[in-house]
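S.K.: Chains as they are written, first to last, in this note's numbering: chain A, 1 to 54; chain B, 1 to 245; chain C, 1 to 256.
Everything labelled a hint here was simulated from the structure, so no lab data went into it.
Worth double-checking, as some hints may not be accurate.
As the list claims (entries may be wrong) - Chain B regions said to be covered by chain A (calculated; three or more residues, Cβ under 8 Å): (1) 55 to 61; (2) 112 to 124; (3) 220 to 227.
Unchecked claim - Quick list of simulated restraints, FRET-style, between CB atoms: (4) TRP15(A) - GLU230(C): 45 to 51 Å; (5) ARG34(A) - VAL153(C): 54 to 60 Å; (6) LEU85(C) - TYR49(B): 36 to 42 Å; (7) GLU42(A) - LEU138(C): 48 to 54 Å; (8) PRO13(B) - PHE5(A): 47 to 53 Å; (9) LEU32(B) - ARG107(C): 26 to 32 Å; (10) GLN56(C) - TYR123(B): 41 to 47 Å; (11) ARG52(C) - ARG34(A): 52 to 58 Å; (12) GLU78(C) - LEU22(A): 45 to 51 Å; (13) LEU22(A) - GLN56(C): 50 to 56 Å.
The C-beta atom is built at its ideal place from N, Cα and C for all residues, glycine as well.
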Amino acid sequence: MRAFFDMGGYAAFVWPAYGVTLAVVLLNILSARRALERSRAEARRRLQMQGEAS
Amino acid sequence: MNWTWFHRLASPPHVYTLAARLTPWFAWPAALCIAAGLWGGLVLAPPDYQQGDGFRIIYVHAPSAWMSLMVYVTMASAAAIGLIWRMKVAHAVAASCAPIGASFTFAALVTGALWGQPMWGTYWEWDPRLTSELVLLFLYLGYIGLRAGIEDPQRADRASAVLAVVGVVNVPIIHYSVTWWNSLHQAPSVMRLGKPQMPAAMLVPLLLMLLGFTLLFIALLLTRLRGEVLARERAASWIREVVRT
Amino acid sequence: MNHREGNVAQPLAALDAPVPVDIATIATPRREASALAAVRLVLLRDLRLAFRKRSQLVQPLAFFAMVTLLFPLAISPELARLRELAPGVVWVGALLGSLLALEFLFRDDAHDGTLEQYALSGQSLTALMFAKTLAHWLLTGLPLALMAPLAAVSLGVPAAALPGILLAVAVGSVTLSLIGSIGAALTLGIKRSGALLSLLTLPLSLPVLIFGARATQLAIQGASFLAPLELLGALAVLGLTLAPLAAAAAVRISLE
Chain A
1 MRAFFDMGGY AAFVWPAYGV TLAVVLLNIL SARRALERSR AEARRRLQMQ
51 GEAS
Chain B
1 MNWTWFHRLA SPPHVYTLAA RLTPWFAWPA ALCIAAGLWG GLVLAPPDYQ
51 QGDGFRIIYV HAPSAWMSLM VYVTMASAAA IGLIWRMKVA HAVAASCAPI
101 GASFTFAALV TGALWGQPMW GTYWEWDPRL TSELVLLFLY LGYIGLRAGI
151 EDPQRADRAS AVLAVVGVVN VPIIHYSVTW WNSLHQAPSV MRLGKPQMPA
201 AMLVPLLLML LGFTLLFIAL LLTRLRGEVL ARERAASWIR EVVRT
Chain C
1 MNHREGNVAQ PLAALDAPVP VDIATIATPR REASALAAVR LVLLRDLRLA
51 FRKRSQLVQP LAFFAMVTLL FPLAISPELA RLRELAPGVV WVGALLGSLL
101 ALEFLFRDDA HDGTLEQYAL SGQSLTALMF AKTLAHWLLT GLPLALMAPL
151 AAVSLGVPAA ALPGILLAVA VGSVTLSLIG SIGAALTLGI KRSGALLSLL
201 TLPLSLPVLI FGARATQLAI QGASFLAPLE LLGALAVLGL TLAPLAAAAA
251 VRISLE
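Please put together the full structure from these sequences, using the hints given.
M.R.: As structure tokens, then:
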């Protein structure tokens with residue numbers, strides 16, 4: 001187990017690399033979902049305004 | 001040959017519902033492939049003869065670099081289709097690609113730098129790949145910046161599409177010139193775990209990661225695409241049904 | 001291609017000075033200007049107008065000179081050291097100078113509606129973009145190329161290398177103007193687009209920088225710089241074929 005985390009002495013490089021990539025993946029997922037939600041809310045709002053206008 | 005399926009791809013409501021349905025079919029296999037790739041790459045694969053366990057960075061660096069290029073080509077293709085056939089959906093695809101591509105280019109640069117420090121003794125190395133990757137990041141940022149700078153959405157779509165097409169024509173030229181430049185200065189031999197020479201135990205997890213990231217890209221693209229399509233459909237009635245929940 | 005009435009003559013009405021082309025021939029209804037005549041017209045017009053604001057033309061050159069001045073002050077006055085840096089300094093200076101000059105390419109024409117006239121004129125907008133870019137290069141790129149040997153001399157470059165440097169920058173600046181025209185067309189009308197224009201144009205200009213600096217370096221060493229020069233030429237030819245087309249498309253999009 002210890003050896004796994006140690007990565008043959010390269011731990012200081014390997015784990016941050018994986019960390020950054022994981023962060024980018026997660027950020028992409030969250031950001032995509034948030035963007036979709038925002039678009040849906042915006043569309044809902046527009047429909048409402050149109051509904052009131054008509 | 002029945003082309004209806006192709007023509008339907010131009011229809012925003014169809015694309016919206018199709019994207020919603022397809023997303024899980026890419027998201028879950030992506031998660032599976034990446035999990036399997038990580039397990040294979042971090043645990044099962046033996047240490048490299050030269051680089052020990054440090055080589056394992058390849059399992060995140062290579063997919064990121066692959067993503068950065070693949071997404072750019074996708075973006076430029078969609079942009080070209082949008083320009084030529086005036087398809088809003090195509091422009092929506094291009095717009096969706098940009099943030100995904102830029103972020104993975106960043107990841108490729110950072111993981112490349114982290115790989116470089118133990119291997120070359122320096123965090124940054126002006127080798128052709130990293131340098132080209134950096135230029136690619138600027139191409140993405142330019143595209144995103146242009147979109148952000150133009151207020152009219154149609155003009156933004158079409159102007160950034162021209163930029164994307166011009167950019168993709170330049171990518172091989174830039175890469176060639178950077179490689180040419182680098183070769184002049186006797187750069188240290190680029191570290192290569194030459195793929196054909198990679199033993200299966202090392203190669204298979206790599207392929208799994210590449211596949212997994214590709215599937216992830218499609219899932220992300222489909223998600224963003226829905227929002228972009230919605231934003232381009234101002235008063236269409238089909239939206240009513242779709243945003244009800 | 002459908003020709004409409006000779007609207008190309010319209011912008012000329014604004015000029016006071018006589019134009020060296022027979023307007024009557026071109027402006028007469030039902031007599032349509034050939035593409036070549038239109039190119040010549042636009043080229044001469046741009047050159048004339050630019051000469052009325054000569055101070056504007058000096059700015060990119062002054063900037064180039066200023067950038068060249070920065071490096072010895074920032075690094076070292078030793079000519080031997082500067083000679084090593086000269087290819088980079090000269091080319092970065094020329095590149096940034098040409099970026100600065102891009103501002104002038106479309107600004108006035110977009111402002112007074114001439115650009116729209118060009119787009120509506122029925123003439124090939126690609127040809128007109130070529131004309132404008134050619135004028136722009138004559139007004140900015142070529143002067144920068146002429147200044148490059150001066151900058152090089154100040155950095156300790158031997159006299160034998162100067163013709164090669166002039167040639168390299170002259171050829172390279174053609175491509176820079178062409179690439180720049182695309183960026184300028186895309187960012188038409190965007191307020192404070194300077195940084196964005198740089199962000200768009202610089203990555204695309206990198207090959208010119210790389211080959212140009214290499215040609216300059218070889219020239220300084222007294223070696224043959226033919227290979228990178230030919231590559232510069234190839235880029236220029238590629239740019240000549242594709243850039244005006246892209247710029248025309250970009251202008252149409254920006255004017256919509």
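S.K.: Does each hint fit the structure? Answer for all of them.
M.R.: Each hint, compared with the structure:
1. Remark: the region 55 to 61 of chain B is confirmed as covered by chain A, as 4 of its residues place a Cβ nearer than 8 Å to a Cβ of that chain, reaching the required three.
2. With 4 residues carrying a beta carbon less than 8 Å from a beta carbon of chain A, the region 112 to 124 of chain B meets the three-residue requirement, and the given coverage holds.
3. Only residues whose C-beta sits within less than 8 Å of a C-beta in chain A count toward coverage, and the region 220 to 227 of chain B has 5 of them, enough to reach three; the restraint holds.
4. For TRP15(A) and GLU230(C), the hinted distance range of 45 to 51 Å is satisfied, since their beta carbons lie about 48 Å from each other.
5. The hinted window of 54 to 60 Å between ARG34(A) and VAL153(C) holds, with their beta carbons roughly 57 Å apart.
6. For LEU85(C) paired with TYR49(B), a C-beta distance near 41 Å keeps the hint of 36 to 42 Å intact.
7. Checked against the hint of 48 to 54 Å, the C-beta distance between GLU42(A) and LEU138(C) comes to roughly 49 Å, which is consistent with it.
8. Between PRO13(B) and PHE5(A), the C-beta spacing of about 50 Å keeps the proposed range 47 to 53 Å intact.
9. Between LEU32(B) and ARG107(C) the beta carbons are some 55 Å apart, a value that contradicts the proposed interval 26 to 32 Å.
10. Checked against the hint of 41 to 47 Å, the pair GLN56(C) and TYR123(B) passes, with Cβ atoms roughly 44 Å apart.
11. Between ARG52(C) and ARG34(A) the CB atoms are about 53 Å apart, so this pair conforms to the stated range of 52 to 58 Å.
12. Under the hint 45 to 51 Å, the C-beta atoms of GLU78(C) and LEU22(A), about 49 Å apart, fit the expected range.
13. For LEU22(A) paired with GLN56(C), a C-beta distance near 52 Å keeps the hint of 50 to 56 Å intact.
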